[in-house]
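Asks: As a plain string of letters, each chain reads:
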Amino acid sequence: MRIPLSLAALVAGVTVFALAGCAETAEPKQSSSASAEAVADGAFTLYSGRDEALIQPLIDKFEKDSGISVDVRYGKTAELGALLLEEGEATPAQVFLAQDAGALGALANAGLFATLPKETTTAVPAGFTSTDDAWVGVTGRARVIAYDSKALTATEVPSSVDAFTDASWAGKFGIAPSNASFQAFVTAYRVLNGEAAADDWVSAIAANDPVIFDNNRGVLAGVNDGVIEAGLINHYYWFAQAAETGEANMRAQLYYPEAGDAGSIVNVTGAGLLAGAAGDADALEFINYLVGKDAQQYFVDETYEYPLIAGIEAPAGLPALDSLVNSKLDLADLDTLADTQDLLAKHGLI
Amino acid sequence: MTALIVPPPTADAAATRKAQGRYRFGAPPWLLVLAALAAATAAIPLVYLVVRTGEAGLEELLATLGRPRVLSLTVNTVVLAAAVTLSCLVLGTICAWILTRIRFSFQRTLLLASALPLAVPSYLAAYGWLVWFPSLNGFWASWFVMTAVCAPYVTLPVAAALRGASADLESVARTLGRGPLRAFAAATWPQIRPAAIAGALLVCLYTLSDFGLVAMLRFQTLTWGINAAYGASFDRNQAALLALVLVVLALVVVAGERRSRRQVDRVPGRSTMPARAPGRAGGVYLTMLLVAPLGGVIVPVFGLLSRLLEAETLRAMDVPRLIGAVGTTLALALAAAVVAVLVALPIAALAARYSGRFVVVIEAIGFLGHALPGIVVGLSLVFFALAAVPMFYQTSVVLVFAYVVLFMPRAIGSMRSGIAAVPSSLSDVARTLGLSPVQTWWRVTARLALPGIAIGALLVAISAMKELPATLLLRPTGVSTLATELWSRTALFEFGAAAPYAAALVLVAMVPAALLSGIRGTKKEL
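In order, the protein sequence lines correspond to chains A and B. For the first sequence, this note's numbering begins at 1 and goes up steadily by one. For the second sequence, this note's numbering begins at 1001 and goes up steadily by one.
Treat the hints loosely; a few may be bogus.
Stretches of chain B that chain A covers, calculated by requiring three or more beta carbons in the stretch to come under 8 Å of a beta carbon on chain A [said to hold, decoys possible]:
id, stretch
1, 1062–1073
2, 1348–1361
3, 1468–1474
Far from chain B by the CB rule (all over 12 Å, computed), these chain A residues [to be verified]:
id, residue
4, Y74
5, E79
6, E89
7, T115
8, A126
9, W169
10, I228
11, E285
12, I312
13, D322
So the derived label-pair ranges between C-beta atoms look like this [as the list claims (entries may be wrong)]:
id, chain 1, residue 1, chain 2, residue 2, range
14, B, L1061, A, S149, 44 to 52 Å
15, B, L1058, A, I312, 47 to 55 Å
16, B, L1061, A, D339, 17 to 25 Å
17, A, D200, B, W1132, 37 to 45 Å
18, B, L1290, A, S159, 49 to 57 Å
19, A, D339, B, M1288, 27 to 35 Å
20, A, D339, B, L1071, 16 to 24 Å
21, B, W1132, A, D342, 36 to 44 Å
22, B, V1078, A, A170, 27 to 35 Å
23, A, G67, B, A1040, 42 to 50 Å
24, A, G171, B, V1078, 20 to 28 Å
25, A, A196, B, W1140, 37 to 45 Å
26, A, D166, B, V1090, 41 to 49 Å
Just so you know, these hints were derived from the structure itself, not from any lab. Glycine included, every Cβ here is placed at the ideal spot set by N, Cα and C.
Taking the hints into account, I'd like the entire structure generated from these sequences.
Replies: Next up, the structure:
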């Protein structure tokens, strides 16, 4: 195939021009959002660690109700968290919506969040939100055991995570140790049962040939495909999969560990206001909207997650929120998180 | 007559040595400066990693490196990279031999099929295989799928080299009594070895940097550790440390490739081996040729399709959105290809004609970006853009730049071979006839090296279309490519909605792959 040199040069030139054009048109927007700072100008930028398919309808509703326009950047919570840490004060974002509290805690620790007003943070009960008003919890997700309904009946499923240390479970259960919600659960185990018991549990689990996955979704897929008989995930993933493939087709079923067991803690999703947006009324209005009745009901209907404010009913079939343990935990306590990671690393899980 | 695309001609070994002798640093200063600037862009992630690691402090450094898990991750990474490189080298060379020496009636289709695995992102291939065999996991699964996906990086250049390699010595070796395999090894292999090794280098670096495939197939490598460091502990310093280990591994590999790329004496004689009919072994040949396309394309694509049919909620396709994503993907890929070629050109020109310490270092730095996972390169460019050019942050300029840093090595290799294949005697003649250096370069060297340059550009374009993690970090807010759209849907099990994007991605990437398979060698004569 012969390519005339002149044609190649022409293509190159046109492309470089087009690129320069893109950069120029993007420029004015960039500088305007950077200088917007703490002014309520009817627009703000949101970094969302939650999926577009889920959040965009809610944002569209918010835009219609409030008249504020929202620029959303979607990504994984972990990567957006790393991005925000990297951007520091130069970030173009005003609000961060995260899928787990660890990311929020990391950013709060780095001093990147502005303190939220009391009216916002008190809408959510203690134990499901930050202890220092740096961020506010939005919805709750229960840790559950997903089990293969073809291999186990509901009564055969262990009622506590301690059962997985038994030799009969060797090679048959799955965990995602690098996942934030698993680490939050191990932190809960340490707080509730003590360091020594936690160390014993982690070392027994690591020695029991666990099947390691990268994330909760992988664990659920493993159970659904019969690769493992049980796995530890967040309840929300089961409902998301069931919505796509049909509940009747779900080979995996959920078991909620008994209240009081560390395996039954609730992780929260949450939102925070970034430091540079401290006076931005638009951004604050969005955060208040997230902990308002409309948005909370939306989450209940669309994702089967627990609402965190009073007056909204939890989805049918889920155990009551207050029966699950959370009051002794600060989910975003990073020092404890670092200790949990050391524990997992000590036994070779991460 | 088609000519060589890869092996550098001997006639120029003497000229090269003479040229080197003229310059203090082994090459003309202006070219060194240009190439150094180009390499500096590839060094941005390295600078970022050193800064982050420096923040960590010695104690944390040693503590992290001493973890038994880091050692096991490193061992896994090394073993997988070595195994995949070896198998790609063997499979690629065999397939290239079959493609050039055996005459099938549907030759063009077979060539196209060999290039097809380039169009499928590694994470998609892994996902497609998991649909059929959910318990597929671990080293062997990763090795197999990665080999299928990476084989074209060796097959295509070796096929091009074989097409132009002289067969005279091999015929002579046969008449003197050597068997076909020994004759090939003695006579033809030295001619095609640079192409094969260059392709193998790309395969090795790609395997080092890949995360999507090993994550799905649950084989824990260093990239897994890096991802865990970012995702769970938000410890960028620890992640940087692990990424530096990857860089060290990459440097070792690049140095190894450089050492094995000895200059090959030009073989006298211009005849090429005639292709012969398949005969009884036709079935065996076909099976070998189809391993990579089957493993890398057919099985995964059918897996995706079957998931699509299972999905109860086949969402109505948002056609304008799909078309928008296709347009964005194409535009970004084209821009990345053009800029990558421009940036890689000085490095390739330098490495083709000159050697010496500086040249080696510059070339090695150019290859580093390829060994790092996309998230590291993405974050390093966030750091760099905010520090140096904040007005370009979150615009397509930085994103294209990220693609250039990531995929420049793919351009360097083939461009270097293309330029090296042009005898400098031709440019000398042009100078004596009165053309200025720039004119000579434009009308002689660049024109003859154009196929090599085109191959480099197409490889960069394909890679940019499939890229995901750096795109997610650096894209302008609200802009999405086919890969990001696919990701945002599969994250929530929405296979029905994801399938059109997966199909579009593979189809769009097939276009440059098809073009790649159609490029023939350089013409030696104008």
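Asks: The structure should be examined with respect to each hint, and the outcome stated for every one.
Replies: Status of the hints after comparison with the structure:
Given as covered by chain A, the stretch 1062–1073 of chain B passes the check, having 4 residues with a CB less than 8 Å from a CB of that chain where 3 are the minimum. For a cut-off of 8 Å, the count of residues in the stretch 1348–1361 of chain B with a CB near a CB of chain A stands at 0, and the three-residue condition is violated. A count of 3 residues in the stretch 1468–1474 of chain B with a Cβ less than 8 Å from any Cβ of chain A is obtained; the coverage claim is therefore met, three being the minimum. Some Cβ of chain B comes within 12 Å of the Cβ of Y74(A); the nearest lies about 6 Å off, and the non-interface call is violated.
Non-interface call for E79(A) relative to chain B: violated, since the shortest CB-CB distance, roughly 6 Å, does not exceed 12 Å. Once the 12 Å rule is applied to beta carbons, E89(A) is inconsistent with being away from chain B; the minimum gap is 10 Å. At the 12 Å boundary, the C-beta of T115(A) stays outside the reach of chain B, the nearest C-beta of that chain being 21 Å off. Interface exclusion of A126(A) from chain B stands, the closest Cβ pair being 24 Å apart, more than 12 Å.
For W169(A), the condition that its CB be more than 12 Å from all CB atoms of chain B holds, with the nearest at approximately 17 Å. For I228(A), the non-interface assignment is contradicted: its Cβ lies about 9 Å from the closest Cβ of chain B, within the 12 Å cut-off. Its beta-carbon lying about 20 Å from the closest one in chain B, E285(A) satisfies the requirement of being farther than 12 Å from that chain. Listed as outside the interface, I312(A) is consistent with that label: its C-beta sits roughly 23 Å from the nearest C-beta of chain B, beyond the 12 Å cut-off.
At the 12 Å boundary, the C-beta of D322(A) stays outside the reach of chain B, the nearest C-beta of that chain being 28 Å off. Our hint of 44 to 52 Å for L1061(B) and S149(A) holds, since their Cβ atoms are close to 48 Å apart. For the pair L1058(B) and I312(A), the beta carbons lie near 52 Å from each other, so the given range of 47 to 55 Å is met. Against the hinted window of 17 to 25 Å, the Cβ-Cβ separation of L1061(B) and D339(A) comes to about 20 Å, which satisfies the hint.
Roughly 40 Å separates the CB atoms of D200(A) and W1132(B), a value that falls within the hinted 37 to 45 Å. A C-beta distance of roughly 52 Å is found between L1290(B) and S159(A), which places it inside the suggested range of 49 to 57 Å. Between D339(A) and M1288(B) the C-beta distance comes to about 54 Å, which lies outside the given range of 27 to 35 Å. For the pair D339(A) and L1071(B), the supplied restraint of 16 to 24 Å holds, since their beta-carbon distance comes to about 23 Å.
The supplied range of 36 to 44 Å is met by W1132(B) and D342(A), whose beta-carbon atoms lie about 40 Å from each other. In this structure the supplied range 27 to 35 Å holds for V1078(B) paired with A170(A), their Cβ-Cβ distance being about 29 Å. Take G67(A) and A1040(B): their Cβ atoms lie about 47 Å apart, and the range 42 to 50 Å holds. With their beta carbons about 26 Å apart, G171(A) and V1078(B) fall inside the hinted range of 20 to 28 Å.
For the pair A196(A) and W1140(B), the supplied restraint of 37 to 45 Å holds, since their beta-carbon distance comes to about 39 Å. Evaluation of the 41 to 49 Å hint for D166(A) and V1090(B) yields a pass: the beta carbon distance comes to about 46 Å.
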